[in-house]
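Undergrad: Make one complex out of these two single chains by using the hints.
As given, the protein sequences belong to chains A and B, one line each in that order. Be aware that the first sequence starts at 1, since it is given in this note's numbering, and climbs by one per residue. Be aware that the second sequence starts at 1, since it is given in this note's numbering, and climbs by one per residue.
Hints listed in this document are in silico derivations from the structure and should not be mistaken for laboratory results. Everything hinted at is true.
Derived DEER-like restraints, expressed as beta-carbon distance ranges:
1. B/Ser517 with A/Glu86: 25 to 35 Å
2. B/Gly286 with A/Asn13: 38 to 48 Å
3. A/His35 with B/Asp474: 30 to 40 Å
4. B/Glu557 with A/Glu86: 45 to 55 Å
5. A/Pro22 with B/Arg311: 54 to 64 Å
6. A/Arg122 with B/Asn223: 52 to 62 Å
7. A/Ile120 with B/Pro88: 55 to 65 Å
8. A/Leu19 with B/Glu586: 51 to 61 Å
9. B/Gln95 with A/Leu19: 45 to 55 Å
Not the full set, but computed from the structure, chain B residues with beta-carbon under 8 Å of chain A:
10. Gly488
11. Tyr650
12. Gly683
Cross-link-like lysine-lysine pairs, in silico, BS3-like; alpha carbons within 27 Å at most:
13. B/Lys154 with B/Lys676
14. B/Lys134 with A/Lys3
15. B/Lys11 with B/Lys585
16. A/Lys3 with B/Lys68
17. B/Lys396 with B/Lys443
18. B/Lys184 with B/Lys318
Where a beta carbon is used, it is the ideal one built from N, C-alpha and C, also for glycine.
Listed below are the residues making up each chain.
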Amino acid sequence: MAKRTLVETTINNETVELLCEPRQSLLEVLRDELHMTGTKEGCMTGDCGACTILVDGRPVCSCLMLGVEAQGHKLETIEGLANGTELHPLQQKFLENAALQCGICTPGFLMSAKALLDKIPRPTEADVRYHLAGNLCRCTGYDKIVRAVLEAARENG
Amino acid sequence: MAASKTPGSHKYRVVGTRPIRPDGIDKVTGRALYGADYYFPGMLFGKVLRSPYPHARIKSIKFDQALKLPGVRAVVTADDLPEADRKPQQMGEQQVSPYYLSWNVLARGKVLYDGHPIAAVAATSPHIAEEALKLIEVEYEQLEPVMTVEQAMKPGAPILIDELRNPEDGPDQPTNVATHLQFKRGDLEAGFATADHIIEREFQTATVHQGYIEPHASVGLWNPDGHATVYTCTQGSFSVRTLATKVLGMPEGNLKVVPSEIGGGFGGKTTIYCEPVALLLAKKTGHPVKVTMSRTEVLRATGPTSGIKERVKIGATKEGRITAAQVWMAYEAGAFPGSPMAPGAMTVITSYDIPNLLIDGYDVVVNRPKACAYRAPGATAAAFGAETVLDELAEKIGIDPLDFRIMNGAREGTAQPFGPVFKRIGFIETCEAMKKSEHYQSKLTGPYRGRGVAAGFWFNAGFQSSASVYLNQDGTASVVTGSVDVGGSRASMAMIAAEVLGLDFDEVRPVVADTDSIGYTDVTAGSRVTFATGMAVYNAAQDIVRQLKERAGQLWECTPEDVEYDNSLLRTRADVLQPQQMTLKELAARFIRTGGPVVGRASVSTGGAGAGPAFAVACIDVEVDPDTGKVQILRATVAQDVGTAIHPSYVEGQIQGGTAQGIGWALNEEYVYDSKGILRNSGLLDYRMPTCLDLPELETILVEVPNPIHPLGVRGVGEVSIVPPPAAVANAIYRATGVRMRVLPMSPPRLLKALLQHRNGQEGQAAAGR
Chain A
1 MAKRTLVETT INNETVELLC EPRQSLLEVL RDELHMTGTK EGCMTGDCGA
51 CTILVDGRPV CSCLMLGVEA QGHKLETIEG LANGTELHPL QQKFLENAAL
101 QCGICTPGFL MSAKALLDKI PRPTEADVRY HLAGNLCRCT GYDKIVRAVL
151 EAARENG
Chain B
1 MAASKTPGSH KYRVVGTRPI RPDGIDKVTG RALYGADYYF PGMLFGKVLR
51 SPYPHARIKS IKFDQALKLP GVRAVVTADD LPEADRKPQQ MGEQQVSPYY
101 LSWNVLARGK VLYDGHPIAA VAATSPHIAE EALKLIEVEY EQLEPVMTVE
151 QAMKPGAPIL IDELRNPEDG PDQPTNVATH LQFKRGDLEA GFATADHIIE
201 REFQTATVHQ GYIEPHASVG LWNPDGHATV YTCTQGSFSV RTLATKVLGM
251 PEGNLKVVPS EIGGGFGGKT TIYCEPVALL LAKKTGHPVK VTMSRTEVLR
301 ATGPTSGIKE RVKIGATKEG RITAAQVWMA YEAGAFPGSP MAPGAMTVIT
351 SYDIPNLLID GYDVVVNRPK ACAYRAPGAT AAAFGAETVL DELAEKIGID
401 PLDFRIMNGA REGTAQPFGP VFKRIGFIET CEAMKKSEHY QSKLTGPYRG
451 RGVAAGFWFN AGFQSSASVY LNQDGTASVV TGSVDVGGSR ASMAMIAAEV
501 LGLDFDEVRP VVADTDSIGY TDVTAGSRVT FATGMAVYNA AQDIVRQLKE
551 RAGQLWECTP EDVEYDNSLL RTRADVLQPQ QMTLKELAAR FIRTGGPVVG
601 RASVSTGGAG AGPAFAVACI DVEVDPDTGK VQILRATVAQ DVGTAIHPSY
651 VEGQIQGGTA QGIGWALNEE YVYDSKGILR NSGLLDYRMP TCLDLPELET
701 ILVEVPNPIH PLGVRGVGEV SIVPPPAAVA NAIYRATGVR MRVLPMSPPR
751 LLKALLQHRN GQEGQAAAGR
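Only chain B is shown next, with the shape it has when bound in the complex (with noise of 0.2 Å):
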């Protein structure tokens, strides 16, 4: 099995042991509740009206049909929602425009996918507010579709959002660019001038789902006083506080998020989409609602990341030094503004030291559904032209890749092409891991296989988040944080408190709490939740110990600078008393005595992004099927600067799991829209994700590189192992073949159109369209 390698000792006790997760034994045994699994007394079911049409005008609903159907209670479509703020608000990672969000949620005006929710019923039974949806009548002006960021840039082009402008166009000017970034650095023509070899490449990548297993689902309560209370999946309850009384006009503090389990987000359960909807007909009816989405819904109205379209152009002296870099770079928003571009852009080269360079970025509506994150969003696309560039050049300069990424990597001090320096970075030990490890050592033979290597950069986000400590009086602790767990973080904040506090892993019980219950705490993404909460629950349990040394000094009658807090006993200092000491035990039992219980309280607002940056390099070997264009993966490791990993187990299996992903970006996934814009694989059997028949073994090797500016080292592990593979697939598959693979997915039919094209002695390059 896969040879996951142990970090190496360090000092502490607990941090980088495998205790079980505290919420495992709920999971493994069905108990654990997830956004579909609550009932309440009375609860009705909601189900969504959904556009047929990619882009059309609504002209007129009518539902008076629907209210009829015995066990229908209510019918809300956007006429129940107030105007939203058109003014874009920052929303931790993401910027947000409560008018587009209230659209998004429901359609005012026009339609802009397939997909797009136009009106929800609630009824006595699933089946019952299905029936309902059918007797609604919605007439339609069909408006033609913009489907890819070509059409959507051409002059001309139908328009989707009327009121769209962007600076460069100017005010009067109509458009579907809602952005347009650049960086810039050095003189770009020069930078090209002194390079021995210039490759320059055009590349195209697929919309893709993060496909989380579990589907969206809320439950809204609604109280006659106008306070509300929704469950809901979600990886960030108080996101969910702020974007939903934004739409629904109500104040802030007035609703209650209670996060449930969630079943898988990967950045797509980062906005709303049942929660004002299944509040709307709560208020609507009086009763609980609970609104779910189908995986067809899920698919349609949810989630993707957007395709991009991507030219990439770098320049390289014949001794491998990297001269000059341009990208250009167009990201399908979706119908909304709000692509990964800007993320994209300033990823796509950053792991290494390009003195000239030029990246151009655009953010580009188009009738699919709003982007939405997915892990490290916008980098995977964008790493795999330049990872593939980079490839084909090291081969042109006769130098290994892993030594050619050395050689031109960023370290401490590089400047990152949008302006900030790296500070204790480990990219380079990464790339070494990955060529010292025994996988790239080893041969690899025999026909039609082939190996290859690429590497990804993600800036790990900071944000804000709140701790909350309490001591027990048998000496056991809690610790209540705002982080929904993903995949494991409760253990995390666990071993945190107990390394600090000194006890036991199974000592420290940890919660997530609601938005009533704890301190505002962004949204679980950007990988930052072990980091930056974890900072909050480091800072939390140092506050307890603050206190607990100033009890004993009451006790002993001593400053609480005369005390000393080690492995949960407190002892006078040596140095300056008579030698008294205590247990945390034996003082948790005397708080009553001492000013009563101790309470462990922090928060932190530790940055935006850059909070820890991360690199992983991924080696994958596969073997192609020259009569089939099929790609088995045959071995694959991911090498990744970790910081301190404070739980081995989860961090091996954050890597194993992006790195999964990545092999299905690579190969099968993709948004297939017909000619008239209706997607066509709305289902898990054509949305195809990769089973546990389609992976081998996944290898990790964690390179601990501590994070300088956290107390414990930790540096996000969640998002970077998904953005190499892609480019490691393309450029193994070369290998394989001879031929290169420039658009994603590298599915079947596609990369066999690009073998025969090569046997009968064409460029390889299978750059077709869509």
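If we strip away everything but chain A, and leave its shape as in the complex, we get (with noise of 0.2 Å):
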């Protein structure tokens, strides 16, 4: 077995110290040694967009990142999206638009969404497609998810 590397991170505002091998992925890390679940796994090879969580703010694939290159950074996952028992915006407009069916691919979709609202507060439909294009979602055909971001911005503006 290979080698455990020690690894200083914070995730959602917690500063955790974990051990990993360096061949595994960060989404690895977070489901098989932290047991944080929420980040879901679709491809491995960062086409689907499931395992997106924010690195010092920027959306990523967790799956193409290796768990030692967290060192040092913060991440924020879908675990740490609401605050307490007060649902993030975005999380409350998914509900109310039905933006989910089976739901595999909402935590990645509310990450990539929240990444956008941090930085384009006020998003056309344009720029809500073009940056959900990295999130696959095969249930809803995306109309429900598009509309669930745009009323989280309208309401937060």
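TA: Structure, rendered in structure tokens:
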């Protein structure tokens, strides 16, 4: 077994120290080591966006980063999106708009959408479609997802 | 944004509203547990070794070296499975042969596709399990692969399954054709003789995958007493129980199947792959074992639905009346018999009342993964040909394509090609709703732009479901079913119970139970859950109402018939008795004195296919880039006969999702095999599904024609919307460019080639091979 490395990182504003193998992706570390299973695996090749997390505020496919590369960075995952029992406006709008069916892509979409709204608080529909194009959803045809993100932006501003 | 129509007012209090789904918060916070999200103490990780060849004999498998790798705990092969029963069994909507199923789970003797499982390893980490796979030595004798139905049906073609026979070729003739099905009506020749216009064309569609975002995952746990549990992402926990115990040779009652949340299925999670492997490894190691697939494994070895070859010939009079139709189709079954050829043949022209017809369908094995159900199985590929020919005919006759469909459309009393007569259906209403729509009435202008329409039919299934409703002491309730929730069905179950019990939506909690905790329930497929499980919930809630009247009768010393129940209020019938009344909550507090808790139960067997036929009509506008052949979807609207929409948002969602999949099928998606039979695009970069940038708003028109055989008028809504888009897109491309596309997908290189041929004055058939 490959030697495990100590990694210090910040996840959802908590300092975390963890041991992982250099060959483990950040997604594997989140799931298999920390059991933070809200971040989903859809492809392991960066094509579906289900594992999207924010690294220093930028959306990243956590399957394309190694766990050891998290050293010193600030990670945000779906588990930290709500403020305690208060849902993030995006979460609330996804619920109200029926923007999820099976829900497996939802954490990734929410994290990508958060990155978008953090950068562009009042996006156009074209902005939303452009920024979410890295996330695949097979259930909804995206219509209600786009609508939910636009509504969250509208009510935020 | 999309102008989704809210259905018209009807008599219901909860049904037809849009509450937030009860499982929603878990799914937006990452708490919901899907197949790969389970972790148990001491759990091992399983990985599967797969064949690198599409067709080969396995001469030997050696795994001593793999077992020596530190961290490896067990290796299993087909030798660890018992000989399976060769007799096919009816499993809900599908016929399943345990023998073929076992062979597909772990190959025995021969591998039949690139990716066919051969062995599996359990180890302390997934990486160690992967390393161990490389240490397993398999000796193969390679055989010539058979990749297409044309190759497979040729005399002298290499045979995939030595023992496969069909009645037409006789008991001595090995074959790759598993089944030939035929439907006949009237006098075909006479029918064509009375036609003024006859169009006959050939079509081909590609193998495509359901494309659920969650790869298959199962965790097996084995007890020393022979009882076992499997946590798994599946559309049908009870079918997993039946199939896995058949393959493992254990009593059905010894396996508990716990369905996880499911990350999409679309038909692809109606069979077993990882489940028996995880259980075998758990049995061998004594540890819980999690087996997950990578995306590549998902594409190579699960799912796909059949590519088909199709010939369609339809004749009509100059007034627009269809006189005869002939359809010939051959479906790729993949490695084992069982393509959706039969439902394809049963749907292909069922939307129309045609006096003379002949439909032939063939189920053909080829060296591709065993086909699995995909949303309206068989119907989409079949409709591509028929609905394109109808469009061509309408143009030739000079009639609006929707009017042509309305003139010939099936209605109440029309006999389906395979016999049964339609009860009340809404095909005509659906066509008319599309015709009146703002989209269809609007003008589309600009070069290389065109609009196409097409229709689709799907039976919808019924089958068996169970439900329990428990009333709590505070008058709230829980609803327990065995139907896995793929797209919001928990909400519908709670709404139906709330409607009957007179409770608010929030007062009913829906639960999806494991196989030890609820009665047998067929798979979540065939658009059957809201229809059949919804009917069981409706009946279970009525069972509660019946008992509430008895309890009130006890307290008021009258008969249950003298008690009325309305909107959670019990009262005596005014004409017979002293007025008494009591709320449900008041009565619930007195259950302890009137006989104990009130439990409602129901089970239903609602018949097979045809439980509430549904129709969809798509109208799609495209713009074609003449230099690249890329098609942009400008606007898409689908009208669908949905019966009573229980939760309209999720009904719209089903229509939008099916439409998006149909557009992907039309434009991009296909399995690309090389000349050696190896899948070359087993990742989501190259198996290109639509993103939100590829799609416009998806508009829906809900046409509510209540289903006469359901107490709330429910019709299945999940599948039919996928059927029309490929033909609608092809018809739109024709209007944009003058080119008729008859091969799917209509991807940029294929369309560009057709455009260039067309410009050079050749017939723009584009019927190029794969």
